[in-house]
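Colleague: Protein chains in written order, with this note's numbering: chain A, 471 to 732; chain B, 471 to 732; chain C, 471 to 732; chain D, 471 to 732; chain E, 471 to 732; chain F, 471 to 732.
None of these hints come from the bench; they were simulated from the model.
Each statement offered as a hint is correct.
It does not matter which identical chain is meant; a pair holds if it fits inside one copy or across any two.
Below, computed lysine to any residue pairings styled on SDA-like, alpha-carbon distance capped at 25 Å:
hint : residue 1 : residue 2
1    : Lys718    : Asn474
2    : Lys695    : His667
3    : Lys718    : Tyr732
4    : Lys718    : Arg481
5    : Lys584    : Cys650
6    : Lys695    : Ser719
7    : Lys695    : Ser630
8    : Lys718    : Asp655
9    : Lys695    : Gly729
10   : Lys695    : Leu717
11   : Lys695    : Arg721
12   : Lys718    : Thr686
13   : Lys695    : Gln714
14   : Lys695    : Ala726
15   : Lys584    : Pro652
16   : Lys584    : Thr609
17   : Lys718    : Ala691
18   : Lys574    : Asn607
19   : Lys574    : His675
20   : Lys718    : Pro535
21   : Lys584    : Pro660
22   : Lys718    : Gly684
Number of protein chains: 6
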Amino acid sequence: MRENRLRTLWRNDQAAINGWLAIPNSFAAETMAHQGWDTLTIDLQHGVVDYQAMVTMLQAISTTPTVPIVRVPWLEPGIIMKTLDAGAYGVICPMVNTREDAQKFVAYTHYAPKGTRSFGPVRALLYGGADYPQHANDTIVRFAMIETAQALDNLDSILSVEGLDAVYIGPSDLSLSLGCRPVFDDVDAPVAQAIEHILERATAHGLKAGVHNGRTDVALARVAKGFRFVTVGSDARLLAAGSQDILKSMRAAPGAALGGGY
Amino acid sequence: MRENRLRTLWRNDQAAINGWLAIPNSFAAETMAHQGWDTLTIDLQHGVVDYQAMVTMLQAISTTPTVPIVRVPWLEPGIIMKTLDAGAYGVICPMVNTREDAQKFVAYTHYAPKGTRSFGPVRALLYGGADYPQHANDTIVRFAMIETAQALDNLDSILSVEGLDAVYIGPSDLSLSLGCRPVFDDVDAPVAQAIEHILERATAHGLKAGVHNGRTDVALARVAKGFRFVTVGSDARLLAAGSQDILKSMRAAPGAALGGGY
Amino acid sequence: MRENRLRTLWRNDQAAINGWLAIPNSFAAETMAHQGWDTLTIDLQHGVVDYQAMVTMLQAISTTPTVPIVRVPWLEPGIIMKTLDAGAYGVICPMVNTREDAQKFVAYTHYAPKGTRSFGPVRALLYGGADYPQHANDTIVRFAMIETAQALDNLDSILSVEGLDAVYIGPSDLSLSLGCRPVFDDVDAPVAQAIEHILERATAHGLKAGVHNGRTDVALARVAKGFRFVTVGSDARLLAAGSQDILKSMRAAPGAALGGGY
Amino acid sequence: MRENRLRTLWRNDQAAINGWLAIPNSFAAETMAHQGWDTLTIDLQHGVVDYQAMVTMLQAISTTPTVPIVRVPWLEPGIIMKTLDAGAYGVICPMVNTREDAQKFVAYTHYAPKGTRSFGPVRALLYGGADYPQHANDTIVRFAMIETAQALDNLDSILSVEGLDAVYIGPSDLSLSLGCRPVFDDVDAPVAQAIEHILERATAHGLKAGVHNGRTDVALARVAKGFRFVTVGSDARLLAAGSQDILKSMRAAPGAALGGGY
Amino acid sequence: MRENRLRTLWRNDQAAINGWLAIPNSFAAETMAHQGWDTLTIDLQHGVVDYQAMVTMLQAISTTPTVPIVRVPWLEPGIIMKTLDAGAYGVICPMVNTREDAQKFVAYTHYAPKGTRSFGPVRALLYGGADYPQHANDTIVRFAMIETAQALDNLDSILSVEGLDAVYIGPSDLSLSLGCRPVFDDVDAPVAQAIEHILERATAHGLKAGVHNGRTDVALARVAKGFRFVTVGSDARLLAAGSQDILKSMRAAPGAALGGGY
Amino acid sequence: MRENRLRTLWRNDQAAINGWLAIPNSFAAETMAHQGWDTLTIDLQHGVVDYQAMVTMLQAISTTPTVPIVRVPWLEPGIIMKTLDAGAYGVICPMVNTREDAQKFVAYTHYAPKGTRSFGPVRALLYGGADYPQHANDTIVRFAMIETAQALDNLDSILSVEGLDAVYIGPSDLSLSLGCRPVFDDVDAPVAQAIEHILERATAHGLKAGVHNGRTDVALARVAKGFRFVTVGSDARLLAAGSQDILKSMRAAPGAALGGGY
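The following block holds chain A by itself, in its conformation from the complex (with noise of 0.2 Å):
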């Protein structure tokens, strides 16, 4: 099978950068997958993605090196099946708040006698090789997300959950939870606590830690504090903010002939 560079980036104790896509379109993935990410998380979450397009999405960062990930849209077994049928190499679950949605979580992504996940990887036989079903358990990475008051009450009990592989940290989620603003970089103290604790708990769980994040300076101080898979972005906002950039250093040249947008 397939090796999945992620395990092998956490072998040699190093974090992965992780881009954000969600844009629904195989080339707008493909141009990011020739970037040099180390792994692509679709988002079918609040992305504007569904499971067709994410497929094509998947084919296109198979041209790659890069990793391909997939946040599933809730703790539903359909579609975080047919995510893996589709060749996702590892599946961040969302709100994951209580031991009981952390062990569903693990019985769909494992083939029996582990879990639950019916057999039929039609396109994942493609992409990661022949001996896809005697490997996939032990190749695929499982994040199950950290993002609720009540998750942060439950969390040694997640986190024992025999299967899981690491943590993702949504700090807008969180933050909202626990009554602050909700922001990715710069988060309320009651947040940046929860954070430390989360990263704390997961590593004396023997799990990885992932979050996301704005700005790539904080990327790199929770990289340095020891999270091994850090987003920076998306797809979208570099659309946006490379927008700006342009127009306002444009509108903002002195007595240029130009109009003021509207």
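With chain A held as given, fit chains B, C, D, E and F onto it using these hints.
Modeller: Quick look at chains B, C, D, E and F alone, frame taken from chain A:
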């Protein structure tokens, strides 16, 4: 009929800042349109976009005041007329190399008696309004691309074709045609001279001039010289450049626990 | 945040005239939106529409002042939250049969602390504006469908769930559940009584009531009774009914040289 | 090969009632096809439809006895032949203005030795049957659009091209070309005369004549005059007209608690 | 309502030969449907297909007498009901492991009073006919997949749920669940015994039994034993196996001027 | 720039085994590409494929070492250049009947000064590499189809056009043009002679020859004669032939409890 804000800018002797769309997706287009570009050009020629994707992109742009423009793949009547019927307020036609080319282009984009455009503005009526048929000829903007040595030879005979509104310069193709390197900004001397010459002749004929740029400083310099329609970059370049900025700044951080990429 | 014109109508004690979209296409949706419907509901339940088509339809509606509403396929958190992130300003949830159903629905559609909606309004920010996160809870409208005998039994316990804005009645399903013929307009007596009862109780709880109609006279009569959201027909029915009008009037013409159809 | 029911109607000297498809969607097309139109024309010229959407619409029509016809965007061999390979049983070609245009059109739509159509009827074999190659030349119907002053000047030389089956009149374009208002039904006098003239000459040459109408009374009157293929309206017009009927009758109701629309 | 030819075969005690569709494309589906399969199953679970692609595939199948069946991704009411509304005449539900699972499945697929299926058969009316609402309950076929050890334990309590029509065996999943190799045909002994047992119990309860096969000889042997619905292969396997046949026979030719492949 | 493995095979005097894609879907294409074809040709002419579907198919092929080739619909510059920009490494142009046709084809597919290809290899840069502009002229392969009596008459003047790399023979069209039956393999004598003649003249001019075949024995025999690019079958034929093999062998089984099909 809905105002063409590009013409309004021009009446005020102001340049439009134009964005460029090569990704065939309406959410990417909508994201771009919300950033404040004066105009956005959907590129059916070198962009990864065909007619049906273009329609959804035009709809996405129509949620904002940004003016929708389309570069057609070639001087072919079928697609040019379909583009207008879909509601484009400007058309950029590549490779207008002779007076006959320019005459055809003008004919395809005007209703009789000025031209031979067939009648059926199905979506254009929604976007432009019920009086579109009466005003389309005067509202739509037609750009002829001047991008070959042959076009330079025929420049005045092209520019004097009645009904043409503007020229658009593709520095890459113009460079290739003149035996130079295909770049947008730091063009070789013969290309720089040709660009100045086109601008000067277009202005003399009462036409506006537009040009494709890679950087904002170049675009501003060209506005200062008299260009009134300047493209900077494209959606695909924003994804690539933005990703590389992130990845380079991350991987350049000394001592970070990161892999070297691939 | 962009105003929700449906709430404005309601503040003026006026009913919204709602159109219904079952065709999964953005041009059909745009054509409908340009006719002046107060609201348009994209039907993900019985319409031939899934998420990705819905996004392009929401974009098409966003070119007009018509308020975009979505009926979701079922009380499932994944698709409900995706629908809101895509910019729906109202959600109609089928088969809300118990207080627990209503509580879940309300939770899925409110950010913390009121609910458990996950944060990531990717397209909703474009449509609603940058302050969407602050105002979404109060701007979005939530309709619970009351359409079974079980829901009638639990009516007051459903209607008293805080955060619910309105009910929506599907006369067909309600009829089936009460053992009557599945029709929209000329419902059997038990259904007519149930509809009146729901309207009365919803009003008593301070909620608005909506209902699906086939004909305008029925819709007007229901508005007169107090309904404040009335659907008439659907895009697919307009195609069918309009075609049949043409074909019948043609084939009924005496002596016309026409075939008899098939 | 599957019968072309349009030819059968013509052998019985009966007119076909033709519906018109501008919405690029197979469910809309299937809904239309189930209403009993003799023929349905997918409009690749002014409709919002390209090739790939057309294929799914042809499949949808193929679920019924309605005969599938396509109006191509222009007299271009690539798309004309692709349309036939996809199973169209009739082709309407716009802007046939000269004898040479008509000859090209006839050539593109016949296999050798009659024409130059390339061989590869991939979907047409499924729809038409295994003997499609033997009978396609005689089964497919070719309509040349006569819609300009130039075409009127060349009328007899166009109509005498062997292999042409019918003409189709677009009153809008014909009106524009004659300096009149672009309407379908209540055309100006010069257009009315031109239409009668085309009908008379087509009939004299043994060709059938078709025409685009807005209303059924006009269509019936034209059948009575001898037209044997009459289009009434389109899918997009049914949506618009049907919506306006509902909205007007609702908003016109005295005292109804409705807003005034926008 | 249009006949369900699968039920007709069963009334004659004949087995249906079922094809399997994993490619999300209507032309592939139409090509398959024209070959004479009794039934074709669109696989939304392990196939690379979601709802919107499925609709176009159902339309393609509807151009032939082949009966359209859908395997849904999971026992989830939203997609099950959407599938029926789209015109599926049979539904295969994976992982029916308990009596409660079976009861839910039966409820989701019957209108009241038998079940809780919501009313709105938008495309099903086109395919099935205007009397679809009256006859759908008795016409549609429901297959519960028996594919785990748990389901074997609950077999009789599952099979005795009223309203279930048939079982379908996925030998791969059943094998995995029993600790055996995941294959279709040459199953390990415990799986072979389980398959016979399921067939025997289903027959005893008056249900039909179906099974997935890789080869025709196995399918025939299973028909001889009493299976009345046998799948052989899939569209994707036909592409893979057919390509390999060609490439192997070519590359095996002695002395041919061919490369060795990659 | 990424190697063109087709040219490598040719340098070794080896023939490429070419697969053919008529199904407009990226998963079907990816499945085909993983079987080991040397090259795969996406057929935009007779296949049910247009540009946008082609892009996703090219991406799918790019996940493997198979070389992507496209047959364009016609000798039209717009689509030919779009195809190259999308990353095709070979182009097959139908109906090259005259020296002028060949010259145009060569011009459209070379950058200046050799030709008139417009510059903007948006996706080709991703697939081919950053130095694509420098090497594209020499890396891409151009096939002119010789398939009419007219082309035979002009054979040497076509073959001597500098910049042409190969010819491709469509036996069906060639047969029709010579008044014979349209078949691939067991062609009539005049066609057989023409094929030999084309092979001989192409070889004499230093060009490679390719041909469409239905069976492997014919393809092998043609390789033995000197053809260096042989197509066998197509994806759609694999579906049809494979299905018929299954259905015939099933229905032929004596005494099986099967229906007779339809």
